[in-house]
Every structure is written in structure tokens, then in C-alpha cells.
Amino acid sequence: MTWEPVIGIEVHVELRTDSKMFCGCAVSFGEEPNVNVCPVCLGLPGSLPVPNRRAIEWITEIGLALNCQISPVSVFHRKNYFYADLPKNYQISQYDVPVAHDGWLEITVDGETRRIGIERAHMEEDTGKSIHLGGGGRIHSAEATLLDFNRAGVPLVEVVSRPDLRSAVEARVYAQELRALVAELGVSDARLEEGSIRFDANVSVRRRGTDEFGTKVEIKNMNSFRSLERAIDFEIRRQVDVLDGGGELVQETRHWDEEAGVTRGMRTKEGSSDYRYFTEPDLVPMVIDEAWQAEIRAAMPELPADRRARYLSLGVDPQTAGALVGAPPAFRRLFDEAVDAGADAKAAANWITGELVAWARREEVDPAEVAVTGAGLAELVAMVAAAELSASAAKDVLDGMARGEGSAREVAERRDLLQITDRGALEAVVDEVLAEHPDAVERYRSGEAKVVGFLVGQVMRASGGKADPRVVNELIRSKLDET
Amino acid sequence: MSLADLTIAEAAKGLRRGAFGARELVDAVLERAAKTEAELHAYLTIDHEGAREAAARADEELASGVDRGPLHGIPVALKDNLCTEGLETTCASQILAGYHPPYDATAVRKLREAGAVPVGKTNLDEFAMGSSTENSAYGPTRNPWDTDRVPGGSSGGSAAAVAAGSALGALGSDTGGSIRQPAALCGLVGMKPTYGLVSRYGLVAFASSLDQIGPITRTVEDAILLLEAIAGHDPADATSWAGDLPDFRSELGRGVEGLRIGIVEELSGDGYEPAVSAAVDAMVSSLEAEGARVQEVSLPTFDVALSAYYLIAPAEASANLARFDGVRYGLRVPGATTEEMMARTRAEGFGPEVIRRILLGTYALSAGYYDAFYGQAHRVRTLITRDFARAYEQVDVLVSPTSPTVAFPVGARTEDPLAMYLSDICTIPSNLAGHPAISIPIGLDPAGLPIGFQVMAPALSEPLLFRVAAEVERLARFDARPEVVTP
Ligand SMILES: [Zn+2]
Chain P
9 MTWEPVIGIE VHVELRTDSK MFCGCAVSFG EEPNVNVCPV CLGLPGSLPV
59 PNRRAIEWIT EIGLALNCQI SPVSVFHRKN YFYADLPKNY QISQYDVPVA
109 HDGWLEITVD GETRRIGIER AHMEEDTGKS IHLGGGGRIH SAEATLLDFN
159 RAGVPLVEVV SRPDLRSAVE ARVYAQELRA LVAELGVSDA RLEEGSIRFD
209 ANVSVRRRGT DEFGTKVEIK NMNSFRSLER AIDFEIRRQV DVLDGGGELV
259 QETRHWDEEA GVTRGMRTKE GSSDYRYFTE PDLVPMVIDE AWQAEIRAAM
309 PELPADRRAR YLSLGVDPQT AGALVGAPPA FRRLFDEAVD AGADAKAAAN
359 WITGELVAWA RREEVDPAEV AVTGAGLAEL VAMVAAAELS ASAAKDVLDG
409 MARGEGSARE VAERRDLLQI TDRGALEAVV DEVLAEHPDA VERYRSGEAK
459 VVGFLVGQVM RASGGKADPR VVNELIRSKL DET
Chain C
11 MSLADLTIAE AAKGLRRGAF GARELVDAVL ERAAKTEAEL HAYLTIDHEG
61 AREAAARADE ELASGVDRGP LHGIPVALKD NLCTEGLETT CASQILAGYH
111 PPYDATAVRK LREAGAVPVG KTNLDEFAMG SSTENSAYGP TRNPWDTDRV
161 PGGSSGGSAA AVAAGSALGA LGSDTGGSIR QPAALCGLVG MKPTYGLVSR
211 YGLVAFASSL DQIGPITRTV EDAILLLEAI AGHDPADATS WAGDLPDFRS
261 ELGRGVEGLR IGIVEELSGD GYEPAVSAAV DAMVSSLEAE GARVQEVSLP
311 TFDVALSAYY LIAPAEASAN LARFDGVRYG LRVPGATTEE MMARTRAEGF
361 GPEVIRRILL GTYALSAGYY DAFYGQAHRV RTLITRDFAR AYEQVDVLVS
411 PTSPTVAFPV GARTEDPLAM YLSDICTIPS NLAGHPAISI PIGLDPAGLP
461 IGFQVMAPAL SEPLLFRVAA EVERLARFDA RPEVVTP
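From first to last, the protein sequence lines stand for chains P and C.
Numbered per the working numbering, the first sequence spans residues 9 to 491.
Numbered per the working numbering, the second sequence spans residues 11 to 497.
For the record, the hints were derived by calculation from the structure and aren't laboratory data.
Heads up, the beta-carbon is just placed ideally off N, CA and C, and yes, glycines get one too.
Do not take every clue at face value.
[What the hints assert, rightly or not] Quick list of the computed label-pair ranges, beta carbon to beta carbon: (1) Asp254/C <-> Arg62/P: 23 to 33 Å; (2) Arg389/C <-> Ile139/P: 28 to 38 Å; (3) Ser321/P <-> Arg389/C: 44 to 54 Å; (4) Val43/P <-> Glu349/C: 24 to 34 Å.
Kindly produce the complete structure, drawing on both the sequences and the hints.
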């Protein structure tokens, strides 16, 4: 293909603060229309906005999580446009000094990890909702429009990526990563179906090997990750077809039609994009100084990238670290507790991501209900290291621990799984086996060394699997060699 | 003499002496309004019932020993761009005809809490855009000193009401001189506080970065009484001053001896009526005789302040007034589509001056023009603040006429917006800098029309401002009253 797609994503995230961005009204979904409203969010004459401190903290968290610079002083602007569900007919937003700028988010597609640039994350307020009656719910044929201002003024963070994405799959993965991130931070419900997180895509194509951008088309109305990917794929093909056919593209906004599987140009002529931004005179500049930033950073949960780095520094191998980053929170906590209790990190991580995850899935037990404790896991790891448990016995012990049967040692004893490492006890068994298999002894002596494996197996069987195979091996060799 | 002609301070004493009750006081004021309103049209709404109820409550409270302070039982007028719960608030615009706000502006709430008795809502230039109160959708207000003349504006209704005795004091709003200029033209004290001193919550915004609520009264003392009631931090206004409030009385009575007073060079000369200049010069001489050290000070950027103002204020107004669209409240003129409904509502609901300023502001903010107009105006605003700062290194206060002219005839400037805009040439710089300023009546011109003297001071220097204003008031001995009041 001679055409290279260039994609940027704009994400709107509704914060789930208790109150709205500039007034005290509650933020909640699914209520009767126009119950969470007041003079401020209805844009009544004389009302004034007062910023929500929690929202500022949360957008700062998002900025930090996206590796952004945080503006020590950032400014609100008025974005002017007339729309019935925009109460003041301007939106309080940010323009040239957003809260956060110049960051990145890592995505992994087909095993390749890339950094996608984040241009900015800025704070704004949401609009109300229009409900068009009659005419199939479309604005142009509607008989009437009802307005619900419950959503008007809900804090909204807009995250704008750089045009660094090169395929619909990358765009989808980026969107999923970003959603996971805000969910992890706990700052948004981040539900696509409720519209608490919304994605728009800017798509253009250019000849491979060139640096200039092609004509950009904005696509809207994608309500799932799947439709985001489909819409971008469709749009790329459409643009390539137009260009290959010698046509020209127009800069426009197109709507994704989920049923038809196509993007369509909006029938309205696009309003002037001159929003006449100017500094919001009702608000003073927002100061996010070093001290507050540090406070916000300290209160943030550990993010996936940091977590991975920490696991690696503890000696966990990269693949296991990756699995552990994605493991259920209860298992990640278990890992931390086991390490705190002195467990070897690499071994603990292997037990959790290998055995325990599988056990919980097999037994259909919620990870939070698995009865293994950090200290218990540390004990199990230590017993395996000390050869008190064989690998297979340890799996049995873990099963018992997971079922709440007690500590590693208690389970091992109760299930009679401790390895016999006592040379005296094993010597008698070895002697017995050697006596029973004179032919094997003979073959060893005539130089067939691998017959030792057979003899060890016989001793293991005679001990009911509890003998320490290392000790048995040693005993057999020394006995065969000494005579 | 009628009770309606008392100052607030006198009335407060009388109420406590038991010389009369708040009911009698409000009745005197309502009676005065009944006599003068047909001619003056100071009010858009008079709340007879509410005022009498509030007065009765004040009488009961005072009788039972509950004293809310000097405003308790005092009839006051409110400019009709201050939201009053349940009481029609129109901003003198058709677009808000019949609009009843669900809440009180903070300043109004504070007045009520202080026991004041709101008489009604006063006329103004539509959305406070004007200098003569002729731009009211409900007809002009006339000057009690000469009903063929304007009272000034935009708080002309408040000024006319206080001058006529249909209120003892009033609140106005001042974006470019809208308190001080009508006060000057009506022989009253009008004061614009430091930006942020009085909460703007509930003041229907004209230009948010310039608007301030302030008092219009008969005396400096009364202005202090009103300001004391309404000033203070308001969590509902992010631009309101959160620091300690100055004690407005702390410098009263200290005179002006040794005080450095600067005469603004740029606010004199051509365009200033001789009688105005003569009165201002005479007052300066009197202050000098009292020991003030007077010097001329040049603030060169004052020459471009008017231009900067007429870009910044309309730009902010173009956004502030965007909400009047017929969707949620006020006038709605139906249309085939939402856009058409909005456009028709705005075209029919706004008067010509408001439309002119919205267009001007929209243009000033438009892509390609922003930098040359709005951006440049902001740079000028910074320079004006710098000029003030430099001046205040040499002097303590600045003085000038409040208005280049006395009250002009009704209709004289309505066809010439530029001439009208020049009415505010002396008052605009203080708004751009956010500084306090006050106008004090100092005399009458040969035709018997009042002349105002403006004192300006640095931000939060209200104590100094009131100290000088009180001295000006004492020296002027201005006790003339308009004819409409004299029996
Ligand atoms: Zn609200």
C-alpha cells in the first residue's frame, strides 16, 4: 500500500467528582431530567463559576499518569458557540495554557511497544443533552427538542494525542489503554455506553515516505472500541479510494453509522470554527504549584508502567512481570505481601501468575476469595527452596492453602507431602531397591550410567513420591561406586 | 421637610430615637415616588408590598431590641441588573421582560440581612450599556434637577431616585463610570470600590473584568454605610477579594494636610465645560489651602483608555450576553429551527446599543482581528495600570472632574455614540486598573446643574479615598436639592 494512515485521537473523560465543575450540583447518571441544576449550570443571569478543586487534582493526576508537564499556572478560556444545550452559549474550557501538556502513553501492538505522544490534557465543562422528539430523533426533522441540563457543567477532561497512530488497531489499543488508565486512577466511570468516556478520531492519509499531512477528517459517534476501529478502517479505505480515483478530500466532520458501517458527512454546513477564545474573566488563573503537585502525585495509585518497573527491579523476569501487571488486584497485593514477608520475588511471582491464576480460574473462585496469605506464600517458596517440598507436592500444598486448610507446613503435614531428605531413612529404601534389581546394578557397573535414573524412579515410587530425588541420586551413586 | 429627604445616617438616628418608624419612612419615600415617577421614571418596578412588609418587620425587630445596624429600616433602591429573588429583573431589556430570578444577588442578600428595605428596581441603560439611561427598553429616566436633561448612566435610575427622594440610597453598578457619572450629574456621591471588594454574584454581567457594584448616596458617610454592608469575600465569586477588608473609617477626619494630590493633566482642556473646570480648580485650591500638596501628574495612556475600554467591554459583553437566546428564560420569538428562534429572539429582544456592542465585541475577538483589537486593548490596559503605579509614586490620590460636562439634554447624544462614549472619559481608567474612585458633588453650574469631583486612589485604599472625599464634601458645603423635592 502506498498510503500511510495518520491518526490522532481526542478523548473526552467525564470525571466522577461529587459535584460539578463550577457549581455544587451533584454529578450522577440516570436521574430524572433537570434535577441536578442550579443558577450556575443553567447559565442564569448573574451567576458565576467557582472551580472544583477535586477536578483540578484529578486532571493533574491524569496529566502525570500520561507523563505530561503540568502548567504551574493555567488559564481558563471561554469557547464561544451557540447551541441549545450549552447554557451560556460559551463553554468554559482551556486554550493556550492547558493544565497538562507534552506527554506520552505506551501501547503494545503485535509485541511492538510504541510511545504515542500526548499533546495536551485540558479541563472543561460538559454540555447538557438534547432530546429530539419526532422525526426519528434527528435534529432536522424533529418536532420539538427537550433539554436536560443534568450533565451541563460536569467536569470534562479532554486528552488530545499527537497524530502518532498509524492504524485503526493502534488507535483502538490507544483508546483502550487510556480508558484503562483513567479507570485505574479511579477518576472516571469511563463507560463508553454511558458516554462518560468519548472518542473522536482525526484521520488522514499520506503517501508513504512523505512528512506532510493529508486533508484531515474528524469522525465522531463511535460508541465502542470495535466501532472506533471499524470507523477508522472504513475512513482510511474511503480516503484512499477517493485519492486513488483522482479525487480530492474535503476537511470535514463525518459521523460513523454503526449499522451501515460507513462514515457520512454531516448534512449541516459546518459552523465557523472561530470560537473567539478569550480568557475567562470570571475566574482567576489556576495555580498548581510544586507542593500541590507533589501531594497529588503521592496520592496517586501505582500505575501499570511503574508497577512493571518495580517488579523488574525485584528480579522478576519480564514476561512474568507483564503477567503480574495484568493480574487481578488481589493477586498483585498478595505478591507485595509475600515479598514483604521475605519471599523470593521471582519465585512468588511465578507461583502467582502460573499456578494461582490457573487455580482460581479452574475452581471459579474470585481472586479476592483465595485464602493464600503473603506469609503463607513466602513459607511455601522457602520450603521449596529448602527441598522440603517437591515441585509437584508444592502444587498440592498451594491447593490446600487456597482452600483455607492452613499454612504451607500445616497443609504439607496434613496431606503428608513433606519430602524425605533424611539420609538414614532413605538408605534403607535404597538398599532394598538395589537388592531387588541386581541386573540394573550389573548394567551400571558395566558402564551404563543412565540406569541410575531407573533406580531413582524405583526409590521414589517406594517412598510414595516423598523422597528428595537429589538425595536419592547421591545415595545410589555412592553405593554403586563404593562396592 | 419630608422624611424622604433625610440622609441614611440621619434616618438611622431618627429610627432609634423613636422620632418615626420604618413604616413612616418607607411611606414617605413611596409617596415621593408617587409624586415624581410620572416625570422622572427612575424605577422600572416599585415593590410597594415588599417594601412595606420589610419596613414593618424592621419596626418589629427594632422595637424588640433586634438591631441589625445602621441600614435597618432604611429604604434603598436597587439597579435592575441586580438579581432579586421573585422580583422582576429586566436589565431594562425586552429580552428579560417578565424574568423573575430564583435567587438574590449577594449584595442584595447582604442588604436584606442588614435590615435594609428594598423599594424597587431602578432604570438603567439596557444591560448597563450607556451613559444617559436613554438606552432603556422601557423609556428614559430624567434628571430631577432638570427633567429635560438626562440623569447620566447607566445607573441613572438609581441616581434619579436618590436625588428625588424616592430612596435614601441606592446600589448601582460601575463598568466604565456608571455609578460615578450619574452621581455627578444628579448632585450625589457615587463610589466604585476596588475590583473584587463587592461580590458580583447576581449582578447580571456586562463586562466581568470591569463590573463593580457600589453605592449612590447623598453623603460620603452614607456611601460608607452602604459599602460596609455589601463588601466582603464571597465564595460564590472567584474574583472576589479574599484578604482582610480595610476599615473604611480608619482615616476619616485626618484632613488633607501634607497629602500629595495629583491633578490628571490628560483629564482637562478641550471638551471640558468651563464651569466644570472652574469648579474643579476651585476645589483643588481649597484642598491646597487646607495644606494638601498639589501637583500636575501626567498619565499619557489615559488618552487611549477609552479605545481600550470600547474593545474589552464589548468583547466580554458579547460572550456574557450570549446566554439570552430564548431557550431557557426571558423572551422567545419562535422560529422554524432552534437557530432561527435564537436569532429572532436576539434581534427583537436587544436594543440598538446592545446589538452595536455585541457586534463590536464579536468582531474584536474574531480570528485575524483578535491581536490587533482585543490583544492590543489588553496591552493598553497593562500600560494604564503601570501609569497609575508610576503616578502613585509621586502622589497619594489623583483628582479630576467626574464628567467633562454637566447633565446634557435628553436626545442630545443619542445619534452620536462617540460623543456619548466620551461621557466616561474620566471614569474609565479606574475600571481598567480595578482601582477605587468616588465622585462628590462640589457645586452647580450657572444653569443650576450639579458638578462632580472625582478622587481616585490605589487598589484597596478605600480608607484614604473616603478621607479625601469627606474633606471635599466638607469644603464644598454642597446642600442644594433639585426643585422637584422642594415643596
Ligand atoms: Zn449547578
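### Query
Which hint numbers doesn't this structure obey?
2
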